[in-house]
Amino acid sequence: MIYDMLVVGGGPCGYAAALYGGRAGLSVLLLEKLSPGGQMATTDMIDNYPGFPEGINGFDLAMLMKQSAERFGLRTETADVTGAELEGDIKVLRTDGGKYEGRTVVIATGASPKELGLERERELRGRGMSYCATCDGMFYRGKTVAVAGGGDTAAADALYLSRICEKIYLVHRRDSLRAAKTYADKLAACKNVEFVWNSGVTALRGEGKLEGVEVTDKNSGEKRELAVDGLFVAVGSRPNSESFGGALKTDERGYICADETTRTELPGVFAAGDVRTKALRQVVTAVADGAVAAHFAEEYLSMK
1 MIYDMLVVGG GPCGYAAALY GGRAGLSVLL LEKLSPGGQM ATTDMIDNYP
51 GFPEGINGFD LAMLMKQSAE RFGLRTETAD VTGAELEGDI KVLRTDGGKY
101 EGRTVVIATG ASPKELGLER ERELRGRGMS YCATCDGMFY RGKTVAVAGG
151 GDTAAADALY LSRICEKIYL VHRRDSLRAA KTYADKLAAC KNVEFVWNSG
201 VTALRGEGKL EGVEVTDKNS GEKRELAVDG LFVAVGSRPN SESFGGALKT
251 DERGYICADE TTRTELPGVF AAGDVRTKAL RQVVTAVADG AVAAHFAEEY
301 LSMK
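In our numbering, the protein residues as written are 1 to 304.
Hint data in this document are derived by calculation from the structure and do not stem from the laboratory. Cβ coordinates follow ideal geometry from the N, Cα and C atoms, glycine included. Misleading hints may appear alongside valid ones.
Label pairs and their in silico Cβ distance ranges [said to hold, decoys possible]:
no., residue 1, residue 2, range
1, 45, 188, 28 to 34 Å
2, 122, 246, 29 to 35 Å
3, 224, 99, 52 to 58 Å
4, 72, 182, 41 to 47 Å
5, 72, 120, 37 to 43 Å
6, 116, 222, 18 to 24 Å
7, 98, 189, 56 to 62 Å
Computed list of lysine to aspartate or glutamate pairs in DMTMM-like fashion (alpha-carbon distance at most 20 Å, straight line) [stated by the list, open to error]:
no., residue 1, residue 2
8, 143, 225
9, 186, 175
10, 249, 85
11, 209, 123
12, 181, 152
13, 99, 4
14, 167, 211
15, 143, 214
16, 33, 60
17, 33, 80
18, 191, 229
19, 114, 251
20, 218, 115
21, 167, 194
22, 167, 185
23, 186, 152
24, 143, 194
25, 114, 252
26, 278, 252
27, 114, 152
28, 218, 175
29, 143, 211
Could you build the full structure based on these sequences and the hints that come with them?
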């Protein structure tokens, strides 16, 4: 079968694209390699998505999004895309479960935060470990947290948290921030931010939830224990675009080049959500991208 739209990725962007596509009368197949929700499903509580005044568990929200799309005929296959032929009127996706064909493709594979590689890091995710200050910062109001990183994202996270938390440790492996000077100047003026220079987080403390971190000075080897309620990791992210390597133009970090229309340089191929070049990566912006991609996919098909 040749579908009107193939959607790659079962996160908020993918389900929004499938919902809008199905509602427009398109035949839609969504390919998801693991389980519904993507990165969102690993978040214990989402309290900045409109419509849920008490917040909602990330996996629960993913299932609601999936059900909404299925209401309009969405078909889902569990498959990992291993290659793609995206030129021409019929696009082909090769997966570990076979080959699928479609007239349009929406790539909504998202991005993954880089981890520190510490023991029990994944176990404590959502239990003190976080990779998004704007997503989870409110859960630490009035508490003590640490931020690992020294670039613009880490600095912006620390500034954001400085308005919410009692104290912030900013742990950076160098003796100065890589972030823009404007960030550095603002952080220096924050009385509740303490810089921990030339250091890295080397161990996590606590049972069941994070209760502290060990930091090690990279020059002297001296270790220090910090009692914190949360650790925000901001050492970069990587787009999940490797399956389309070489088929589409990407920026220097691997994000697929697409503007606010989500169109790529190949007709009928759209990159939406966290996998594309964009300024803000949140559930709400991913959903918006999915709707936009479906709109322009429908427009593309109507002109064929």
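- Query: What are the numbers of the hints that this structure violates, sorted from low to high?
  - Reply: Failing hints: none at all.
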